[in-house]
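If you read the protein sequences in the order shown, they are chains H and U. Following our numbering, the numbering of the first sequence begins with 143 at its first residue and continues without gaps. Following our numbering, the numbering of the second sequence begins with -9 at its first residue and continues without gaps.
No lab work stands behind these hints: they were computed from the structure. One should not assume that every hint holds.
[As the list claims (entries may be wrong)] With a straight-line cut-off of 25 Å between C-alpha atoms, the simulated DSS-like cross-links for lysine-lysine are: (1) H:LYS252 <-> H:LYS164; (2) H:LYS164 <-> H:LYS184; (3) H:LYS249 <-> H:LYS210; (4) H:LYS184 <-> U:LYS31; (5) H:LYS213 <-> H:LYS164; (6) U:LYS54 <-> U:LYS10; (7) U:LYS56 <-> U:LYS4; (8) H:LYS249 <-> H:LYS184; (9) U:LYS45 <-> U:LYS10; (10) H:LYS252 <-> U:LYS10; (11) H:LYS249 <-> U:LYS31; (12) H:LYS213 <-> H:LYS199; (13) U:LYS10 <-> U:LYS56; (14) U:LYS10 <-> H:LYS184; (15) U:LYS10 <-> H:LYS164.
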Amino acid sequence: GENVEQHPSTLSVQEGDSAVIKCTYSDSASNYFPWYKQELGKRPQLIIDIRSNVGEKKDQRIAVTLNKTAKHFSLHITETQPEDSAVYFCAAPRTSGAGSYQLTFGKGTKLSVIP
Amino acid sequence: GAVVSQHPSWVICKSGTSVKIECRSLDFQATTMFWYRQFPKQSLMLMATSNEGSKATYEQGVEKDKFLINHASLTLSTLTVTSAHPEDSSFYICSASAIQETQYFGPGTRLLVL
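For reference, chain H alone in the conformation it holds in the complex:
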């Protein structure tokens, strides 16, 4: 099965600085990598995802990079704002015999943006 490692577990940055969170995965067949943001007591929200046919994807201040050779992918948040403070989870898929796409989640990174 898929094993996903996420670092760091906590990250504090000054408002306006950049934040980077890294994940590694074990299954070389994995081809889809989503990132979720979860605010305290709320649902995880998909913020960006990338498929294995591209190496980078951007959406305003958020970007994800993928290195398939090294089996790692990273979330980059630029110009951080206090509302970016949350727990971020990376994930990678593991296919079941039924053909449904289960996700294995990293342990999460608690990001704190200091005003």
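We have chain H; now place chain U onto it with these hints.
Using the frame of chain H, we list chain U on its own:
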């Protein structure tokens, strides 16, 4: 689009009672729904995967007779925690996906068993 609702948002019950949680995809047909459990300051732990019209697939260590899952339609899945005990207290979250891998999460149900 891709809105998933969950009901109830929180529930307090006595030990030994059963609790049913509903998960609905409001604007799309979900071929697969997933049930997760999340303890404070921890990651999402997959409990089971359910496909419409078939039996759920449970993760290792999850008791299928305790956590009953029904996925009767493409927009509704239910999780019933039978004979709940205090150790079952947790945050239960469902997610739904259509054809591709993307999962959209419900708002979660906070269960407290006294």
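Tested hints:
no. : hint                  : in the structure
1   : H:LYS252 <-> H:LYS164 : 13 Å, holds
2   : H:LYS164 <-> H:LYS184 : 23 Å, holds
3   : H:LYS249 <-> H:LYS210 : 21 Å, holds
4   : H:LYS184 <-> U:LYS31  : 13 Å, holds
5   : H:LYS213 <-> H:LYS164 : 11 Å, holds
6   : U:LYS54 <-> U:LYS10   : 14 Å, holds
7   : U:LYS56 <-> U:LYS4    : 16 Å, holds
8   : H:LYS249 <-> H:LYS184 : 17 Å, holds
9   : U:LYS45 <-> U:LYS10   : 17 Å, holds
10  : H:LYS252 <-> U:LYS10  : 31 Å, violated
11  : H:LYS249 <-> U:LYS31  : 9 Å, holds
12  : H:LYS213 <-> H:LYS199 : 16 Å, holds
13  : U:LYS10 <-> U:LYS56   : 12 Å, holds
14  : U:LYS10 <-> H:LYS184  : 20 Å, holds
15  : U:LYS10 <-> H:LYS164  : 37 Å, violated
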